[in-house]
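Undergrad: For reference, the chains in residue letters:
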Amino acid sequence: GAVVSQHPSWVICKSGTSVKIECRSLDFQATTMFWYRQFPKQSLMLMATSNEGSKATYEQGVEKDKFLINHASLTLSTLTVTSAHPEDSSFYICSARDQASGGELFFGEGSRLTVL
Amino acid sequence: GENVEQHPSTLSVQEGDSAVIKCTYSDSASNYFPWYKQELGKRPQLIIDIRSNVGEKKDQRIAVTLNKTAKHFSLHITETQPEDSAVYFCAASTFNNAGNMLTFGGGTRLMVKP
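Protein sequences, first through last, are from chains C and U. Per this note's numbering, the very first residue in the first sequence carries number 1; after that it's consecutive. Per this note's numbering, the very first residue in the second sequence carries number 1001; after that it's consecutive.
Any given hint might turn out to be false.
If we take Cβ atoms under 8 Å as the criterion, some of the chain U residues that face chain C in the derived model are [as the list claims (entries may be wrong)]:
1) 1089
2) 1101
3) 1104
4) 1106
What the hints contain is simulated information worked out from the structure, not anything from laboratory work. Here a beta-carbon is modelled for each residue, glycine too, at the ideal position from N, C-alpha and C.
Next up, chain C with everything else stripped away, as it sits in the complex (with noise of 0.2 Å):
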């Protein structure tokens, strides 16, 4: 199947700094990207939909100006935490559909953040 690479898979950083994760499709072009947050033992949750060539469309609740999308190409897709706060800690995964293979969403691996 499609692959989807992130990076990194682990990052641990100062209160305060920012950090941007990498989302990319390796195999083939997504004009759409999905960022989801997972706390420990509890679901996926969407936070934003990334639109290569234009705004994302955040989710009610996630503050677009503190998670920075940028979708500058067809394979690539970019989540900043600003200014990260402990609370921000969490395990942060990328998706793109790959219509080529029928619209299957694939995940990347995961991006551990941990704000100290």
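Go by the hints and put chain U onto chain C.
TA: Relative to chain C, chain U alone:
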């Protein structure tokens, strides 16, 4: 928006027994229902999906049933094995060319005891 409820939250079975996980959804426009398996710290992996034009789909030990009228769908795993132990998520969406935004259920932690 769509709301997906999943039950049970935890399920423990003996190896060889069957496991059933149930989900309900709220949006009658939803027409795509995938199931994902997530091992600890790893990405969700699609294990089976069903679209609203069929009522049942089977892939070896895994089957999914869909009742559109009642708006619920279920995952059935037969002859469970220890490696089936994981968290399983159901999801629902409206499948269209504009994208495929999934709403996930709360997850079920399946434990298969040898």
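Undergrad: With chain C as the partner, please determine if residue 1089 of chain U meets the hint condition of a C-beta pair closer than 8 Å.
TA: holds, 6 Å
Undergrad: Using 8 Å as the Cβ threshold, decide whether residue 1106 of chain U counts as touching chain C.
TA: holds, 5 Å
Undergrad: Minimum Cβ distance from residue 1104 of chain U to chain C below 8 Å?
TA: Nearest chain C Cβ about 5 Å off; hint holds.
Undergrad: Min Cβ distance, residue 1101 of chain U to chain C: is it shorter than 8 Å?
TA: Check passed: Cβ of residue 1101 of chain U comes within 6 Å of chain C, closer than 8 Å.
In terms of the numbered hints stated before, the structure departs from none.
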